[in-house]
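A.B. asks: Here's the letter readout for the chains.
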Amino acid sequence: MENNRVEEDDKNAQNDKGNLSGSGSAKEKEPRIIAFVCNWCTYNGADLAGTSRMKYAENVRVIKLPCTGRIDPLFVVEAFKKGAKGVLVSGCHPGDCHYTSGNYHSRRKYTAFRDLLSYFGVDTNRVEFSWISASEGNKWVSVINDFTNKIKSLPDSSDIFSKQ
Amino acid sequence: MARIGVFVCWCGSNIAGTVDVKRVAEEAAKIPGVVEAVDYKYMCSDPGQNTLRKMIKDKNLTGVVLAACSPHMHENTFRKAAVKEGLNPYFIEIANIREQVSWVHEDKEKATAKAIDLLKMMVEKVKRNKPIEDVRVPLTKKALVVGGGISGIQAALDIANGGVEVILVEKEPSIGGKMIQLDETFPTLDCSSCIMTPKMVEVYQHPNIKLYTYSELEDVSGYIGNFNVKIKKKARSIVEKDCTGCGDCWNACPMHKNVKSEFNVNLSERTAIYVPFPQAVPLIPVIDRSVCLHYKKGGKCQKCYDACGPKCIDFDLQDEIIEEKVGAIVAATGYDLMENSLYGEYGYGQFKDVISGLQFERLLSASGPTEGVVKRPSDGKTPETIVFIQCVGSRDPEKGVPYCSKVCCMYTAKHAKLFAHKVHGSQSYVFYIDIRATSKGYEEFVRSTMENDGAIYLRGRVSKIYEDNGKLIVKGADTLSGNQVEIAADMVVLATGVIPKKGSDKIAQMLGISYDKYGFYTESHPKLRPAESSTAGIYLAGMAQGPRDIPESVVSGSAAASKILGLFSKSEYEVEGTIASVNKTTCVGCFYCKRVCAYSAISKEEVKDRNGNVLKVVANVNSGLCAGCGACVNACFSKSIDLKGYLDEQIFAEIKSLAV
Amino acid sequence: MEKMNDKLQNTAKELLESKEVNLIIGFAKGSNPLRMRSVFITDPKDAYKISFNAHCVQDLAVFLKKPEVKKFGKIGIVVKGCDEKAVNTLIQEYQLSRDNIKIIGVECRGAIKQNLADRGEDSVKQSTVYDKCLACEVHTPLLYDYLVESDEPAFEITGDVKPYAKIEELDAMSVEDRNMFWQKEFEKCIKCYACRQACPLCYCTRCIVEKNTPQWIETNIEETGNAQWNMIRAYHLSGRCIGCGECERACPVNIPLMLVNEKMARDVFEKFGYKSGLDINAKPVFGTFDANDFNEFIK
Numbered sequence: 001m002e003n004n005r006v007e008e009d010d011k012n013a014q015n016d017k018g019n020l021s022g023s024g025s026a027k028e029k030e031p032r033i034i035a036f037v038c039n040w041c042t043y044n045g046a047d048l049a050g051t052s053r054m055k056y057a058e059n060v061r062v063i064k065l066p067c068t069g070r071i072d073p074l075f076v077v078e079a080f081k082k083g084a085k086g087v088l089v090s091g092c093h094p095g096d097c098h099y100t101s102g103n104y105h106s107r108r109k110y111t112a113f114r115d116l117l118s119y120f121g122v123d124t125n126r127v128e129f130s131w132i133s134a135s136e137g138n139k140w141v142s143v144i145n146d147f148t149n150k151i152k153s154l155p156d157s158s159d160i161f162s163k164q
Numbered sequence: 001m002a003r004i005g006v007f008v009c010w011c012g013s014n015i016a017g018t019v020d021v022k023r024v025a026e027e028a029a030k031i032p033g034v035v036e037a038v039d040y041k042y043m044c045s046d047p048g049q050n051t052l053r054k055m056i057k058d059k060n061l062t063g064v065v066l067a068a069c070s071p072h073m074h075e076n077t078f079r080k081a082a083v084k085e086g087l088n089p090y091f092i093e094i095a096n097i098r099e100q101v102s103w104v105h106e107d108k109e110k111a112t113a114k115a116i117d118l119l120k121m122m123v124e125k126v127k128r129n130k131p132i133e134d135v136r137v138p139l140t141k142k143a144l145v146v147g148g149g150i151s152g153i154q155a156a157l158d159i160a161n162g163g164v165e166v167i168l169v170e171k172e173p174s175i176g177g178k179m180i181q182l183d184e185t186f187p188t189l190d191c192s193s194c195i196m197t198p199k200m201v202e203v204y205q206h207p208n209i210k211l212y213t214y215s216e217l218e219d220v221s222g223y224i225g226n227f228n229v230k231i232k233k234k235a236r237s238i239v240e241k242d243c244t245g246c247g248d249c250w251n252a253c254p255m256h257k258n259v260k261s262e263f264n265v266n267l268s269e270r271t272a273i274y275v276p277f278p279q280a281v282p283l284i285p286v287i288d289r290s291v292c293l294h295y296k297k298g299g300k301c302q303k304c305y306d307a308c309g310p311k312c313i314d315f316d317l318q319d320e321i322i323e324e325k326v327g328a329i330v331a332a333t334g335y336d337l338m339e340n341s342l343y344g345e346y347g348y349g350q351f352k353d354v355i356s357g358l359q360f361e362r363l364l365s366a367s368g369p370t371e372g373v374v375k376r377p378s379d380g381k382t383p384e385t386i387v388f389i390q391c392v393g394s395r396d397p398e399k400g401v402p403y404c405s406k407v408c409c410m411y412t413a414k415h416a417k418l419f420a421h422k423v424h425g426s427q428s429y430v431f432y433i434d435i436r437a438t439s440k441g442y443e444e445f446v447r448s449t450m451e452n453d454g455a456i457y458l459r460g461r462v463s464k465i466y467e468d469n470g471k472l473i474v475k476g477a478d479t480l481s482g483n484q485v486e487i488a489a490d491m492v493v494l495a496t497g498v499i500p501k502k503g504s505d506k507i508a509q510m511l512g513i514s515y516d517k518y519g520f521y522t523e524s525h526p527k528l529r530p531a532e533s534s535t536a537g538i539y540l541a542g543m544a545q546g547p548r549d550i551p552e553s554v555v556s557g558s559a560a561a562s563k564i565l566g567l568f569s570k571s572e573y574e575v576e577g578t579i580a581s582v583n584k585t586t587c588v589g590c591f592y593c594k595r596v597c598a599y600s601a602i603s604k605e606e607v608k609d610r611n612g613n614v615l616k617v618v619a620n621v622n623s624g625l626c627a628g629c630g631a632c633v634n635a636c637f638s639k640s641i642d643l644k645g646y647l648d649e650q651i652f653a654e655i656k657s658l659a660v
Numbered sequence: 001m002e003k004m005n006d007k008l009q010n011t012a013k014e015l016l017e018s019k020e021v022n023l024i025i026g027f028a029k030g031s032n033p034l035r036m037r038s039v040f041i042t043d044p045k046d047a048y049k050i051s052f053n054a055h056c057v058q059d060l061a062v063f064l065k066k067p068e069v070k071k072f073g074k075i076g077i078v079v080k081g082c083d084e085k086a087v088n089t090l091i092q093e094y095q096l097s098r099d100n101i102k103i104i105g106v107e108c109r110g111a112i113k114q115n116l117a118d119r120g121e122d123s124v125k126q127s128t129v130y131d132k133c134l135a136c137e138v139h140t141p142l143l144y145d146y147l148v149e150s151d152e153p154a155f156e157i158t159g160d161v162k163p164y165a166k167i168e169e170l171d172a173m174s175v176e177d178r179n180m181f182w183q184k185e186f187e188k189c190i191k192c193y194a195c196r197q198a199c200p201l202c203y204c205t206r207c208i209v210e211k212n213t214p215q216w217i218e219t220n221i222e223e224t225g226n227a228q229w230n231m232i233r234a235y236h237l238s239g240r241c242i243g244c245g246e247c248e249r250a251c252p253v254n255i256p257l258m259l260v261n262e263k264m265a266r267d268v269f270e271k272f273g274y275k276s277g278l279d280i281n282a283k284p285v286f287g288t289f290d291a292n293d294f295n296e297f298i299k
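Chains as they are written, first to last, in the numbering used here: chain A, 1 to 164; chain B, 1 to 660; chain C, 1 to 299.
Just so you know, these hints were derived from the structure itself, not from any lab.
Hints are not guaranteed to be accurate.
To be verified - Here chain C is said to cover these stretches of chain A; the calculated rule only asks that three of the stretch's residues, wherever they fall, bring their Cβ under 8 angstroms from a Cβ of chain C:
#1 67–77
#2 90–103
#3 106–115
#4 125–131
#5 148–160
Where is the CB? At the ideal position from N, CA and C, for every residue including glycine.
Between the sequences and the hints, there should be enough to build the whole structure, so can you do that?
C.D. replies: What follows is the structure, encoded as structure tokens:
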């Protein structure tokens, strides 16, 4: 029941899409970047960039998760399917994981996952992985700016997950 | 239908200066499921919170999204306000449009577009929220301390003095650990047993401490607040309550020259019925059944029984299993020293006068085999020249111990100093790699050994030791002068490295805590949670965590105790409800989740049919242990685990809301 | 071969007679002499049906995940070295108890490609066997309760036949060309999930594709959905696939799935020094980590 309700809402959302003048419209030329970040390090690093009034590219949309260990590589595929041009995964530096080992598990999975993406013909320049601590607001800014510039410099992708 | 209320905060001009808050609210109102969207100057203010509460009530909201500052700022504020109106606190979501939008962007158009996106994401997320209840775990306010060395004793005393019952389990017949074997302690040279025995007695007499010596941990199950512990009380062959510790039994034992004393590190003998040392706590002997003639020769010898006044010797006593329920555990299992025989070139075991540092402690000790007179083991003569060798095993990856054992520099300096004090005109040589003397008074202490007590420090390694005419010839390098040196010594003392206590890995597995590649227990966080293991309710203390000296061991024992007293100060242990849960219908029990869980929160659960037949084994999340990291969710192939508050469905909806 | 079959049949017979197992899964001659089929024996009298030759391609371990088979409790199974690695992985992943399985390992000299066998090929040569046989490191199974040794000689490997040579070719391509290659392959996919059904290690009772909240994989047959399925299948088998090749053999549209599986196996070995299916007590590569793991791609 619960799910039906939500699906119903989604249909409406599709219909209303044209009316939303947010970035959902076709007018947008700027590439969309989705960042999956951990709650403890990178999210705080991004907040620090804010409190320090640093400036960076507007393209990034942050999805907060408790830990990089929670960030399923298949989320990345989903993000590409939904039109993201670049995906960033970011969390605590090795040894600093709030949950002791989530980032280590994540690193292993993404190592294999990136190989697989590349093998299937997806440009791994479009997937960035970084360790950004809560005190590295400046690193957040440079990672986002560099990544945005890199994405802008890449040709329009025609890989298997960017077809829609 | 979802009924979502949206609040767009101006934060004065902090947000409104860069983001068109009116437009954000207008766009939000168009999102399906949103019943009302408003903007407000300061949402975190009292009037702001009242606006929030009013709308929850008036519009009968099922969820709220605030486009405001970082959730790390005011998420709790708004959750508390929502709870007052009967809304589940997890139905509040925050779109961070200050720290991550208005403060970092300047283009108003783009910043507004981004704010709208972030808001839409959160609306889609909150629509799919499920009510989450915080987990409350009842607490059994009783603690278990494993290991009766100085850190375990300190932990037990602190907890007991805090008014909480403690069970202290010690494997050996007496508590005291390694510290009671030491002579005087660096850098203050206070006598170890003088400061240790009062603490041991305090443990014994403390009304809140139940002491099980000659006992081992057999099994641990359960979780924080609710551990079930089985303790094996090994048969002492003594009815403890009747024993007076008079000593008639061990004086009568015929086996008085055959067994090496563990306490004196093989430098003296003990009987088959024995107390390890005169100040043992409890002062109750134990029969070593592996050597006692009664057990070996079919019951013929019973001289101790005959000598015993209260007749408290019972040869037929059996091991006993004691079950206890505790709410928290301290693992203070201590350490061992590396085998000296690892270094063939030093001749340990081959030459009687090459001994370990701990043996030298016993030779210095007034309660030791020589009553504190330094005599060498081979012929009982007082040595005039001793060579001390540091880093025997430590900092030597070849021998598997790349780490520094931390205490050897200091105790070697102490040995050299005490030797100089006891044998006038004597000479010490110390071979070292580096001197590490970093705590209060340590550097001065080493300096004074060099300068006041005349110890000669040689930076370099020893290559060979051999016997020549009653002397031990020590050949080595002095790397500072570049010369080869040869010293004719009467005795050689090896500062052997520290390794985890044998069997501490088994204890770790029982407790479900992790240990590093050397076997030392790992902390939940190396810097910020040094007293906690990664498993909730289990705390660490002493050398079980790695090399440390006495003050540090005491501090760590106290730290573990204070953590436990803090835990027990509440009526229940409360954990955030954002934890993992398993769909037991689809779980196939591959247990990758269990492998990646850093908190031992996942256990195997049998699913049975009506007749009790096991149909399958599935994963079960212990809500008291789960920390909510979600690593298990990522590890699950069939997606049979999900994380409350961060459901897969919600993340997909967030991604979808960003569709270009 | 006769000696092998005698030993196989006697072992099976004894195991069933002594009730050490309730079921033996083995190979038997099919209606076509150059095709072998699986056989399930519960009566010792039927043990004579079991036989083995170079046409025993199938990985019988796939049946161990089936509830119809599981209900027999104690099971004996005839396995080649490669298939035995699947048994190891099932034990490692708690899908099977070592106590409940009697492993009848057969020494295998290589399996003849079925398409060639269908055209009458009956000799084991480097040109007639599967690529996995060319790279085989487990002609003798690693773990067994009974070993049936081969009386055939090993075939000659001259080195000019490289197993899975296409992988190097793909690695050398530009990312766009690889994209083209796989798009063409995945275009063919009809999402029949035969690859999953044939895999001894795809044992989930509800596969991730069957989950719809959220919908992890597009269910309709179109490019992204097809690619997504193939991606997830490969990802879920990374560090687990033991290379039996059954998915590829089952694929009705001939997607070269082993090029994916083998590539991942190589990468996992290169990065983490791990090979799957070798040790029932090993920690699976994605169930553990090392603080010094590969870190180069991370900023």
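A.B. asks: State for each hint whether it applies.
C.D. replies: Hint by hint, here is what the structure shows:
| no. | hint | in the structure |
| --- | --- | --- |
| 1 | 67–77 | holds (count 3) |
| 2 | 90–103 | holds (count 3) |
| 3 | 106–115 | holds (count 9) |
| 4 | 125–131 | holds (count 4) |
| 5 | 148–160 | holds (count 3) |
The structure meets every hint from the earlier list without exception.
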